[in-house]
Amino acid sequence: MFKTVIPFGPQHPVLPEPIHLKLTVEDERITEAIPSLGFVHRGLERLADLRDFHQMIQVVERVCGICSMIHAVCYCQGIEELMAVEVPPRAKFLRVIWSELHRIHSHLLWLGLFADSFGFESLFMQFWRIREKIMDINEATTGNRVIISVNVVGGVRRDLSHAQIKWVLSELQMIEQDIKRLENTMLSDYTIKKRTVGKGLLTAPQASELGAVGPTLRGSGVAQDIRQTGYAAYGELDFEPVVETDGDCYARCKVRFRETLASIDLILQAIANLPAGETRQKVKGRPEGETVTRVEQPRGELLYYIKANGNKNLERLRIRTPTFANIPALLTMLPGMWLSDVPVIVLSIDPCISCTER
Amino acid sequence: MILTTVYVLTGFVIGPLLGGLISGLDRILTARLQSRIGPPILQPFYDAAKLLGKEKTVVNVWQAFCAFGYLAATSMAVVLFFLRSDLLLILFIQAVGAVFLVVGALASTSPFSQVGAHRELLQILSYEPLLVLVVVGIYLETGSFKIGSVLTHPEPLLLKLPFLFVVLGYALTIKLRKSPFDLSTSHHAHQELVKGLLTDYSGPYLALTEIGHWYEIMLLLGLCALFWATHWVGMTILIVVTYFMEVLIDNVSARMNWRWMLGYVWAMGLTLSLVNLIWLYTA
Amino acid sequence: MMTNTLTSTLVLLPFLAAGCCYVLRSNRVRSLVVLVTGFLLIISAVGLIPLTPFTLSAGNLLGVRVHDLVMVADFLLLFLILYFGFKHRSLVVKILSLLQILLVAYLEFFLIKEVPATGTIYCDSLALIMVLIVSVVGSIICFQAIPYMRNHEAHLRLDKSRQHRFFLVMILFLGAMNGLVLSNDLLFFYFFFEVTTLCSFLLIAHDHTATAIQNAVRALWMNSLGGAAFIVGLTGLYYQSGHLDLQLIIINASPGARVFLLSLALLCLAAFTKSAQFPFQSWLLGAMVAPTPVSALLHSSTMVKVGVYLVLRLAPAIHGTFLSQCVAIFGAFTFLAAAALAVGQSNGKKVLAYSTISNLGLIFACAGLNTPQSVTAGILLIVFHAFIKALLFLCVGTIEQHIASRDIEDMRGVYATMPLTALITVMGVIMMIMPPFGVLLSKWMAMEAAARSFYLILIITLGSALTVMYWARWAGTLMSDPFAGRFKPERQPLLTWGALGALSAGAAVLSLAAPWIYTRMIAPAMSGTYLLPYRASGGILENAAGVFAVLPLSVVAAVGFILSIWAVKRAAGARIVAPYLSGIQVTEPGMFKGPMNRLVKAEAKNYYLSSIFGEHKLTAWVNLGAGVLLILMLGGTL
Amino acid sequence: MLKNLIQKSRIKSPWLLHYDCSSCNGCDIEVLACLTPVYDIERFGIINVGNPKHADILLVTGTVNQRNKKVLVNLFDQMPHPKAVIAIGSCALSGGIFREAYNVVGGVDKVIPVDVYVPGCPAKPEAIIDGVVLGLEKLKTASLPARL
Amino acid sequence: MQGDIIAVGPETLVREAAQAKVDGYRLVTLSCVELDAETVDILYHFDKDLTLKHLRLTVPKGTPVPSISAVHWAAFLAENEIQDLFGLHFTGLAVDYEGTLYLEDEVRRTPFCRYSIRQSDKNTPAPDARQEMGEN
Amino acid sequence: MFKMTPNVLRNLISKKATRRYPRQVRPPYESVRGELRNDSTQCNLCGACALKCPSQCITVDKTAGTWTCDPFACVYCGVCVDTCPAQSLTQKREYRPPAVERQTIFMQGEPRKKTKTPEAVESG
Ligand code: SF4
Ligand code: SF4
Ligand code: SF4
Ligand code: SF4
Ligand code: SF4
Ligand code: SF4
Ligand code: SF4
Ligand code: SF4
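Residue numbers (this note's numbering), protein chains in the order written: chain A, 1084 to 1441; chain B, 11 to 293; chain C, 24 to 661; chain D, -5 to 142; chain E, 4 to 139; chain F, 567 to 690.
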């Protein structure tokens, strides 16, 4: 019989990143959603053949600009493991601080885009306005707003001065206030609840079975966060994964909102406990062997598989990013929902296509 | 005769100018509510002029026809308003404009236009009855559908038709394409349907729909103005407050979906109208 | 004398011509007969205009009293229906026709003492309007049927043409309709009423498919129910007043008397069945299987109007009664419900059918509202609806023969292949929903008239909004195509163009002439019973409450139209770009490159909100509601 | 008069279409950041329309790859004249750090003509604003349609 | 490398994967590495409560690999990716993109095989875009 | 409903967040990694930067004495600056302005020998 087929993306204003969903809908209810990828695929894992393992840091940072820092942390961690390099403690804490700054800016960015996905423009503006403060911190402390390039094998390239730390603390305080001011809107406004509660349901067993990660998984009630493994300096900080149990868009939104505040707390802790000393360990030699290393990105678990054979170029670099893991979950959430829910649900996994396709 | 000509000309010329200015103000106010500076007040005119100077591209020549049809109908409605004609008739003519816009969107095979057009129809379905009921309320109070007799009514209608004014507010929100009702298209396409209804209108034809929209703004604000027709101060305050509320609501609510709209607007709108109408019957 | 000749031409000529059609089995001759009859009917009907109002008494025909002739015919007819009841094994038809036979016999042989010598035929403006519609629109449809049936039979690959039967019934029906609207003696009225039932049955069954026959039988029993209600009503009326003279009954109405009211209520019930109001709508929907000219003639522009005609006639008699209010609410309810159901349909003919039911409902509402304005609105609606709906049916028929489907979605982009027909269809749609055209003028009157009754206005406004919805969608769908080439009218038989052209031009001109129709034809029909609702001057209809500037608006609309056409011509030079498809469109029109590098067609074709407006969702509720209203109406008279 | 008005309006009302080819999001979010209160490019009448048919300026971020090059051309074609293309970030300028990867075609100018190049990785919001301003020059000088 | 590595063969793969699911493991992803011109390694990473476990399947390039997407539906993406990049063939894929997940016809040459390019891929003419005319 | 109202009303009356670029230009932070500069007086054309650059956008031709950088491929990571043994590379605090044409940064030095005044040329 007759049907409605909508090419959703790759160019679509609600998706800043190109992904295509072939949506089949009836009236406005989704009956089928089939994705098409490859609009962002560059093949950068293969660049390992052309760039040495140091240069690859800059490449993996550009897997994605949003949590570039954390990619670099993960990569360096892997190489450091292969080369048995001990990273100075101060560098570990600094990695945490910048990682959490990235998480905050990523979550604020997401909260804004999420607001935009249900057409709440002024809320979008608010979150992005707050986010600019984080960008300023990034720029002031590392030299770039977005891709900060501070990681090197063996530590970090930049340090935080006293003055900077003081300034960051005061900024964070303001940021926290600003975010809390929006809590009432984001977490209890009638129209927002109407658009998010019960949308894109994912139960806990479903979530694990589909391999969901990050806030998507935690929104369904599974308390799993790679930071619990205690990489970098996380082991020395007080931290609980944020969990919500409803498994809908609203729950995922609450997880990210609360994680933002938790990240601020982590930064405060890290700054309070920041050890003195070197930030960078000199490294010599070349990596050899294979390893799997994981970190928690704003969007969830990131996994690097690195295989090296003692050359300056790596044998194989495999990056499994969180969105890649969340796409199967997304596909099962869509059917049965309404067309107007599509942006909300798609955004609810915080899709990052550039890292998915690399 | 001369007076008539003057009315026609004012409606025809002043209408869109004022409408454009108002939407300029709207954008500035919106920006300010978002802690931004916003565009210059003449921005809508720049937009329209630019669009007029763009290359003509169409998906289907009927888009051009429909864009003109929309403009013609909306301007006609405003002119009739200035001629103090029959309110019901004016609503009908305004609806003609809306229908042309929809038909033009349906003329494109893009699912975005198509779904947008269908949603616009659902919006029409939501607000048309409300507008008619508002006009019926006015009739019951003044004894006539003619604007002339509303203007000579001795006391402000708002006092007798407060609920219907709220109902008019619903219709206004939908017509002005403000959240939570910007379902078929919105000012900037940040939604699942891209620009929905207007996706495939472009260049000069988009400009026409833009100008038509200014006429509509004028018409609707004119309707609001009728609720305090006894004194211009009251009228101005009423319009300013109403419009401010519209922009505010736009900025403090998410966009909903059409099922909610249909249910909510009909339930609220019809109940409020009924209450007000029954009050008028019994009073 | 003149009136005599014209009237008998209008009523009797079709019976004769029908016979010719049946006997003379040459296509040429048949076409000629149809054409000549049609033109004669049109001429006679127009000829009646200056002669109204008049009364005629049926004397003798060939030495027999016409009254007796009709009586005999009546029995024949009822037995024929009974026969069909047996043939198609329909218990209901059997029972109902037997009941009618008994009642007619009772009435004729036991009750009626003397046959009135005068007032068998009465023609006032209202009747005249109906005669004009039947003769003009009906003839035009019959003309178009000539090429249509030729194609139709070619499509079906019949070895033996059945057109002689088809035209027999069609032409006969015209005579019956004329007879019906001109009858003042209710027994005559009843006879013609039953003839139309039979014609409808035969025509629905014409294609002889299983569905066709099934639907025809359904139509038969429902209409027989109406017939039975009618005859019971007549018996009651005769009890009450001792005669069956319609005019006298109206003038000497005794709304206080229960029997009288109940009888009128039964007549209204008969009217509802004939006009396929809820819960009797299913026969009209089923009737859509018939060849499209049948739908155009019987099931939209003429036969179903019998019901509203009857109630509009009776309106003064029930003025101010509860019955009148019931009719109003019932009509408004149907208007709304049918509009809602039409929204959920993608079958073009079904949309037209629901729309017909809906408009008839509005006319009932107008009649029930029973104010001068509303009655004016009702009468105007009959006129405009007849023209435009006939036009739309013919358009759908023409399109259908090209694309072999009646589905609106299959008509998508039909502009590319049949530009002129598509344009005329869109014009038809525009005339249904846009000012300054007649339908909207009538709706405006209806709304202003209903404004004082808040439940009616509520229902009517909701219904109108739904109406706009399904029409606008249809119009847009017809135009929906990336086509932008030169306008080149397609080839169609002359008679088809003639019919489409005449109907659309007719509707447009009549809209323009609405004020004149009002003063010349409606005002006289109203005077006496109602106060005159409007002043008409300079093409503007106005009263204290409102104003509708028909002529000036038409001028403006015409100018706007010309400007827009000019815009289209200029846009023909514009660059044609593909519709927006998120940037992955390919050169094949409407396709995009989807997952797995496959080409996929982008479409939006099932947006009919069936979860809200689908038949499966609404019909049961609507029927229930209508049933309750009907019981209320009948019970309320007691 | 009219001509002047239109030319003035063109630089007063540039509507953007942003297309992310295969950007790493770095440049994307900087483009988005321009819309937000801190940079508020609506001050210049700029809005992000998200629809090629309404756009005057095409902002492209990221490298062109084999799959999205067709999309890019499609979008460019659907924009009505006059139009300008602004490439943002080193990826869009040349392919950037990825230019040797197997699925990368290179900079935007490999498939559609580019009017302004905004370097950076990512380009800063201020730089993007500067780039748009530079792009306006082209819109201003573009000829008017023969008949309005 | 964190976690145990269990070697599996094509016959035991699906069973082991299913067992992992029964044991409450979540499929993290698949990693494919080209070992030499002839063989590839596929690693199936699983996670349970933050501990990893890996299945290692070593297969010659030409042989089809059984898909685990019937057990772990989410594996279809990674398996399709490997089909694209390494030219392997998975049998029984839940959703099979047939090598078009990322790559256009211009580059369908198993870009991640540096030691060898599968012969069949080298000169395959671009398959015609298959039409899917609204699945009547 | 309307939970957002206090926030937007606060925005209406308080100072706007907008930086009025380009009317007011904010001074850049100290450590910003902006446009790349090679101080021609310092560079000894050792080629370390070209070797380390992750984007491979620097070419040093020792025999011709040229140092070329493609600013459209540079990712402003600062690795070259960190590596340069002669400290001849610096990053300005300002970003590189947009251009309407392709550009390269080209520096002609004395082949092999250190000279006093090699000129840095930037050509379109
Ligand atoms: S998850 Fe997104 S933000 Fe994080 S690295 Fe991947 S692409 Fe970037
Ligand atoms: S990470 Fe989010 S904001 Fe960034 S491009 Fe992807 S969807 Fe957009
Ligand atoms: S459409 Fe988008 S940009 Fe425009 S007002 Fe709404 S949310 Fe804002
Ligand atoms: S398509 Fe129409 S004309 Fe042809 S057989 Fe069917 S009903 Fe008859
Ligand atoms: S209607 Fe048809 S089937 Fe029925 S009796 Fe007549 S010819 Fe036979
Ligand atoms: S230029 Fe840099 S920031 Fe921009 S998309 Fe490319 S890698 Fe990302
Ligand atoms: S810039 Fe520095 S590193 Fe590069 S060639 Fe010159 S001296 Fe060597
Ligand atoms: S800044 Fe980075 S990318 Fe640019 S030239 Fe230096 S090393 Fe290369």
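Read the hints as simulated data drawn from the structure, not as lab findings.
Beta carbons: idealized from backbone N, C-alpha and C, even for Gly.
Please note that a few of the clues may not be correct.
Derived list of chain C stretches under chain B, where covered just means 3 residues or more per stretch with a C-beta under 8 Å from a C-beta of chain B [stated by the list, open to error]:
#, region
1, 252 to 266
2, 450 to 462
3, 472 to 486
4, 495 to 504
5, 596 to 607
6, 620 to 630
Status of each hint after checking the structure:
no., hint, result
1, 252 to 266, "violated (count 0)"
2, 450 to 462, "holds (count 3)"
3, 472 to 486, "holds (count 7)"
4, 495 to 504, "holds (count 8)"
5, 596 to 607, "holds (count 10)"
6, 620 to 630, "holds (count 4)"
The structure fails to meet hint 1 from the earlier list, while all remaining hints are met.
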